[in-house]
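Chain by chain, the residues run as shown.
2 protein chains.
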Amino acid sequence: PRLYHICMAPISVSTCHIPWDDLFALMLLIPSLPCSPANFLEEEGNRGLVAAVFGILFSSLCVLVLDTDPLPLITHSSQSTRGKYWKILALLYYPAFYYPLMACATVRHKASYLMGCLLSWCHCVVHIWQKVDCPQSPKIYRYYSTLSYIPIILCLVLLSLWYPALLIKSFTGQKETLDKEVTQIYGVTWIPLKLILSITTAMIAVYQVALLLLVAVIPTIQIIRAGMTKDIVVLLVQFGLVPSESPAVPGDMEKELRTVKYYLWSLEVCYICSLVLCCLLTCTMLLRTLVMHRSNLKALYQGAVLDVFYKAHILRPSRQAIVCWMSFASFQTAFACLGLLIQQVIFFICSVGFAGGFCCLEWCLMLGAFLLASSLPPRPFWLTLVVAVIVQNLAAHYQFLEQHPLRKELTNRRALYIATYLLFPINVLVGVLAGLWRMLISGLYNSIHFCQLDISLLNRGVETFDPGYHTYCHYLKIEVSQSHPVMKAFCLLLLQLARPEGPSGLRASNVEEGIQLMQHKQAPLSRARFKQSRARWWLAYTLLHNPSLTACRKTALCDPTANGTQLSTPEP
Amino acid sequence: PRLYHICMAPISVSTCHIPWDDLFALMLLIPSLPCSPANFLEEEGNRGLVAAVFGILFSSLCVLVLDTDPLPLITHSSQSTRGKYWKILALLYYPAFYYPLMACATVRHKASYLMGCLLSWCHCVVHIWQKVDCPQSPKIYRYYSTLSYIPIILCLVLLSLWYPALLIKSFTGQKETLDKEVTQIYGVTWIPLKLILSITTAMIAVYQVALLLLVAVIPTIQIIRAGMTKDIVVLLVQFGLVPSESPAVPGDMEKELRTVKYYLWSLEVCYICSLVLCCLLTCTMLLRTLVMHRSNLKALYQGAVLDVFYKAHILRPSRQAIVCWMSFASFQTAFACLGLLIQQVIFFICSVGFAGGFCCLEWCLMLGAFLLASSLPPRPFWLTLVVAVIVQNLAAHYQFLEQHPLRKELTNRRALYIATYLLFPINVLVGVLAGLWRMLISGLYNSIHFCQLDISLLNRGVETFDPGYHTYCHYLKIEVSQSHPVMKAFCLLLLQLARPEGPSGLRASNVEEGIQLMQHKQAPLSRARFKQSRARWWLAYTLLHNPSLTACRKTALCDPTANGTQLSTPEP
Numbered sequence: 001p002r003l004y005h006i007c008m009a010p011i012s013v014s015t016c017h018i019p020w021d022d023l024f025a026l027m028l029l030i031p032s033l034p035c036s037p038a039n040f041l042e043e044e045g046n047r048g049l050v051a052a053v054f055g056i057l058f059s060s061l062c063v064l065v066l067d068t069d070p071l072p073l074i075t076h077s078s079q080s081t082r083g084k085y086w087k088i089l090a091l092l093y094y095p096a097f098y099y100p101l102m103a104c105a106t107v108r109h110k111a112s113y114l115m116g117c118l119l120s121w122c123h124c125v126v127h128i129w130q131k132v133d134c135p136q137s138p139k140i141y142r143y144y145s146t147l148s149y150i151p152i153i154l155c156l157v158l159l160s161l162w163y164p165a166l167l168i169k170s171f172t173g174q175k176e177t178l179d180k181e182v183t184q185i186y187g188v189t190w191i192p193l194k195l196i197l198s199i200t201t202a203m204i205a206v207y208q209v210a211l212l213l214l215v216a217v218i219p220t221i222q223i224i225r226a227g228m229t230k231d232i233v234v235l236l237v238q239f240g241l242v243p244s245e246s247p248a249v250p251g252d253m254e255k256e257l258r259t260v261k262y263y264l265w266s267l268e269v270c271y272i273c274s275l276v277l278c279c280l281l282t283c284t285m286l287l288r289t290l291v292m293h294r295s296n297l298k299a300l301y302q303g304a305v306l307d308v309f310y311k312a313h314i315l316r317p318s319r320q321a322i323v324c325w326m327s328f329a330s331f332q333t334a335f336a337c338l339g340l341l342i343q344q345v346i347f348f349i350c351s352v353g354f355a356g357g358f359c360c361l362e363w364c365l366m367l368g369a370f371l372l373a374s375s376l377p378p379r380p381f382w383l384t385l386v387v388a389v390i391v392q393n394l395a396a397h398y399q400f401l402e403q404h405p406l407r408k409e410l411t412n413r414r415a416l417y418i419a420t421y422l423l424f425p426i427n428v429l430v431g432v433l434a435g436l437w438r439m440l441i442s443g444l445y446n447s448i449h450f451c452q453l454d455i456s457l458l459n460r461g462v463e464t465f466d467p468g469y470h471t472y473c474h475y476l477k478i479e480v481s482q483s484h485p486v487m488k489a490f491c492l493l494l495l496q497l498a499r500p501e502g503p504s505g506l507r508a509s510n511v512e513e514g515i516q517l518m519q520h521k522q523a524p525l526s527r528a529r530f531k532q533s534r535a536r537w538w539l540a541y542t543l544l545h546n547p548s549l550t551a552c553r554k555t556a557l558c559d560p561t562a563n564g565t566q567l568s569t570p571e572p
Numbered sequence: 001p002r003l004y005h006i007c008m009a010p011i012s013v014s015t016c017h018i019p020w021d022d023l024f025a026l027m028l029l030i031p032s033l034p035c036s037p038a039n040f041l042e043e044e045g046n047r048g049l050v051a052a053v054f055g056i057l058f059s060s061l062c063v064l065v066l067d068t069d070p071l072p073l074i075t076h077s078s079q080s081t082r083g084k085y086w087k088i089l090a091l092l093y094y095p096a097f098y099y100p101l102m103a104c105a106t107v108r109h110k111a112s113y114l115m116g117c118l119l120s121w122c123h124c125v126v127h128i129w130q131k132v133d134c135p136q137s138p139k140i141y142r143y144y145s146t147l148s149y150i151p152i153i154l155c156l157v158l159l160s161l162w163y164p165a166l167l168i169k170s171f172t173g174q175k176e177t178l179d180k181e182v183t184q185i186y187g188v189t190w191i192p193l194k195l196i197l198s199i200t201t202a203m204i205a206v207y208q209v210a211l212l213l214l215v216a217v218i219p220t221i222q223i224i225r226a227g228m229t230k231d232i233v234v235l236l237v238q239f240g241l242v243p244s245e246s247p248a249v250p251g252d253m254e255k256e257l258r259t260v261k262y263y264l265w266s267l268e269v270c271y272i273c274s275l276v277l278c279c280l281l282t283c284t285m286l287l288r289t290l291v292m293h294r295s296n297l298k299a300l301y302q303g304a305v306l307d308v309f310y311k312a313h314i315l316r317p318s319r320q321a322i323v324c325w326m327s328f329a330s331f332q333t334a335f336a337c338l339g340l341l342i343q344q345v346i347f348f349i350c351s352v353g354f355a356g357g358f359c360c361l362e363w364c365l366m367l368g369a370f371l372l373a374s375s376l377p378p379r380p381f382w383l384t385l386v387v388a389v390i391v392q393n394l395a396a397h398y399q400f401l402e403q404h405p406l407r408k409e410l411t412n413r414r415a416l417y418i419a420t421y422l423l424f425p426i427n428v429l430v431g432v433l434a435g436l437w438r439m440l441i442s443g444l445y446n447s448i449h450f451c452q453l454d455i456s457l458l459n460r461g462v463e464t465f466d467p468g469y470h471t472y473c474h475y476l477k478i479e480v481s482q483s484h485p486v487m488k489a490f491c492l493l494l495l496q497l498a499r500p501e502g503p504s505g506l507r508a509s510n511v512e513e514g515i516q517l518m519q520h521k522q523a524p525l526s527r528a529r530f531k532q533s534r535a536r537w538w539l540a541y542t543l544l545h546n547p548s549l550t551a552c553r554k555t556a557l558c559d560p561t562a563n564g565t566q567l568s569t570p571e572p
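Protein chains in written order, with the working numbering: chain A, 1 to 572; chain B, 1 to 572.
In case anyone wonders, no lab produced these hints; they're calculated from the structure. Warning: the hint list may mix true and false statements.
Said to hold, decoys possible - For lysine-lysine, the following DSSO-like pairs were computed, each having C-alpha atoms within a straight-line distance of at most 27 Å:
#1 B:Lys408 / A:Lys488
#2 B:Lys408 / A:Lys311
#3 B:Lys311 / A:Lys298
#4 B:Lys488 / A:Lys408
#5 A:Lys488 / A:Lys194
#6 A:Lys298 / B:Lys408
#7 B:Lys230 / B:Lys255
#8 B:Lys194 / B:Lys488
#9 B:Lys531 / A:Lys531
#10 B:Lys230 / A:Lys408
#11 A:Lys230 / A:Lys261
#12 A:Lys194 / B:Lys408
#13 A:Lys408 / B:Lys311
#14 B:Lys298 / A:Lys311
#15 B:Lys110 / A:Lys311
#16 B:Lys311 / B:Lys298
#17 A:Lys298 / A:Lys488
#18 A:Lys408 / B:Lys194
These figures come from a predicted structure and were not determined experimentally.
Chain A extracted, bound-state conformation (with noise of 0.2 Å):
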């Protein structure tokens, strides 16, 4: 890897068109790099690209977090009293180094893509050949290495066929035409780049933390349970850990053996299936994640920024609106590795307690009948409180509503209020369950939906406090201040004036049905008496539609009632 690193960092730096002198001149690539043409996170850009590229950054940051040699051209320098340093420039060195790698995509010259093509297999071979040549490492399990790579050698495998076809696309001539551009914005399948990128990314987070999980713990166990004997079983016996009837003598510990290994089995399985459930839960999440985007940012581009937000926001960029669109990929990554932590923590002790039910169930029958019999309240209690709730629901069905044909109205009120009165002492202990529910609902529900960042894990009227919502919103401002499809089309339409080549037909009918989209009808105004009553029901309806535009009406506009109807109204 050394050499590797040697032979292709040089090239990495020479592709960004700067001076190679020394190590420490890759901090100059920092206020150098800008100089590169580089407008890949554009929407125009190639997706899948540059999502490969940022997957392939993720990965190594995830290798480089474990790693004792974060960098890969000094050897052994953790050991060196400079390790800690290393590691730190490690998090600005490998973004630099694969840096060419998306490069080559966005100057769209052959040349470039040639660059792509043979830096990308360069890549690709050099990883391959080093996990097949050496597939075992030391470090926590000898597999790990291997696996944890291999989301960036699908990534490079990515790239080296992704380079080719735009090689041979630039040299066929055929061009991504406007009409493209003008589908992808208006097609059912269209989600902004830095989403597709933080859920790429997120998604690799996610096989990364389970691969940990996984191979941090399942083969401890294993070796564990092969390597369980007589001797320590009669300690878990005599420790009252495992159940036994016969006397705890060494030769006779068969039976027992069995049980200990069998727990030991049964709790591996357990670890494996809370493991699966989560990363289907996360993934599940993260899936639905762009669903609520897609339907969000439709919802603003309308106006209705209420069905959004809670309260009225005004749509520009800000400070803090850039500073959230920047970091929004990295946390939506890193809320993802989190979230799958905190859930496998919980499901695991959950899986283990049902399935202690299931399978230890000797062990469990003891406990349980112990439990019964001493500190849970005894079956009369349940069933009182379970009677209450069953008598005061037909109470207030059959006795206390009146059920008129159009509307329900209240009645036997005496009987009502002495009800409410009695049945005070068992609603109070009713409210206590209630309360052990909302404590478990709230828990649960906020430990699987940590992961997603649309959500706030806050109450209403305080959501914005939590960070990763916070990021949310802000990272939406951006998005849809940068790229209303209005605003799009119009663009579009310039450049295909601009550009007179092409067959204009078919492209002006597909604009046209773009900006039909966000179109609004225009409203006759025939007869000048009623210009003034029109005016302000276009403006309330109007306002009714867009109520963020209440906000600032009276400072962007000098005479609401006249400047009314020039007021965007889409039709519902």
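Using the hints, position chain B against chain A.
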């Protein structure tokens, strides 16, 4: 106490006009009670009196839960085979036992007030005499029983002052005028009775739980502290729990003994401090519930359903709403208990950790040095994260944001994209910290607001899955649909016509003032040709202020354009 119950129970039952045969006939109380006068949960009742009786009831429940003899009429009931059934029966016995204290006030007759005086004095004297005569009991802590009876005695004292006042008022002829009721409805201090009840019982719940938490732990710690000997200190030193410079010789442990006693004392202080903090927080949240509830009611009376609920609701009674209304006060009380418990656990752990930094300096320095040296990442790492965040903020402000006088715009896009890419790995690490903060803040927020039913602990979209918030929403529906000020003012006007003996001029003015709060200004429809445009404008304006009406518009009105003017249209 047995004699007291034997004497008082027949009196209680006789007040309810029911033949008294046997103890088991108590069950007969429930179907017969609706015959007795009992509109005590109506607004015009004596609020303080009703709240006091509910307070007595809840305190009795607290005593009952921990008591071994739940039914005072049957001694040693817990030792009998039917002990658990007695406890369940006691849940119904106590409400019936204290019922006459409330019923006497609702009859509104001199004889009933006199009866109320005698009953409350009797109860009060018996309880005070009982506790003065025998203040100590062997349960939990010797003064626990006495302290837990304080709310009962205070409430009884309130009742024994309230009834004579009512009696004197009835003799001097002072009646509650309609004016007062109108003032009650429209005054600033107006809060529904059910909420006053729930807050009173919740406050008593806070007292009872705090008392229990205090007497169950503090005397034990004090006993341990007093009984700490050098032999135990030697053991603690050998286990490494107490730092010691000298070798573990029992004779030479003066300093270590002092340290251990100091630790125990600081544990005690932490416990009391966190308990005080929890009580203050819970009480603040309960008071905040009152404020929130007032503003919610006001908003709902004005038709602004979406200011209170996330989705449009139709405010009419239903089975669920009645059940929730019945159990609202009980749930509020139970949630206050649970919330205090959860907070105490969290804050005690936090305060011990916090105090550890100050009190047990030696021990913590050792631990802290170990932690800093081994597990925590090195300081340059934190510095990098902080610098990265600051750099992003500065760059966003000075580089990526073009500050026009009217609106801000995004600029230097290339640099922005490159910075986003390069800072991706560092932002992932910042994201991990943000995720930890998200976890912490949501846990803390939910534990502090656990006792508030008017706040959902779940996200906006699924907030009604929270049993507490679900109960509150349905409770609000009943409150609003049954006690709208306009309806009340109308009923009062009808009552005024039926009872013309009072000074009607004063009353009418007050009622008018009350109605004006809700009145709308009718616009003059001067010219017929403007009619339709104006009607549409009114309709749009109305719907803008009452979004909930859109749901039932088509069904309720045949022709929306023609009837638009007849809807209530409050002025902004």
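Original post:
Given the proposed pairing of Lys298 of chain A with Lys408 of chain B, does the C-alpha separation stay at or below 27 Å?
Top reply: holds, 23 Å
Subject >> Hinted pair Lys408 of chain B and Lys488 of chain A, Cα distance within 27 Å >> reply: holds, 19 Å
Original post:
Lys488 of chain A and Lys194 of chain A: Cα distance at most 27 Å?
Top reply: holds, 17 Å
Original post:
Straight-line Cα separation of Lys194 of chain B and Lys488 of chain B no greater than 27 Å?
Top reply: Holds, at about 17 Å.
Original post:
Taking 27 Å as the top limit, are the C-alpha atoms of Lys408 of chain A and Lys194 of chain B close enough?
Top reply: holds, 22 Å
**OP:** For the pair we were handed, Lys194 of chain A and Lys408 of chain B, check the Cα-Cα distance against 27 Å.
**Re:** holds, 22 Å
Original post:
Does the structure keep Lys408 of chain A and Lys311 of chain B at a Cα separation of 27 Å or less?
Top reply: holds, 21 Å
Original post:
Taking 27 Å as the top limit, are the C-alpha atoms of Lys110 of chain B and Lys311 of chain A close enough?
Top reply: violated, 56 Å
Subject >> Agreement of Lys230 of chain B and Lys408 of chain A with the hint, judged by alpha carbon distance not exceeding 27 Å >> reply: Outside the cut-off at roughly 75 Å; violated.
Original post:
Is it true that the CA of Lys311 of chain B sits at most 27 Å from the CA of Lys298 of chain B?
Top reply: holds, 18 Å
**OP:** Assess, step by step, whether the Cα of Lys311 of chain B is no farther than 27 Å from the Cα of Lys298 of chain A, and give holds or violated.
**Re:** Roughly 20 Å separates the two Cα atoms, so the pair holds.
**OP:** For the pair we were handed, Lys488 of chain B and Lys408 of chain A, check the Cα-Cα distance against 27 Å.
**Re:** Within the cut-off at roughly 19 Å; holds.
The structure shown violates the earlier hints numbered 10 and 15.
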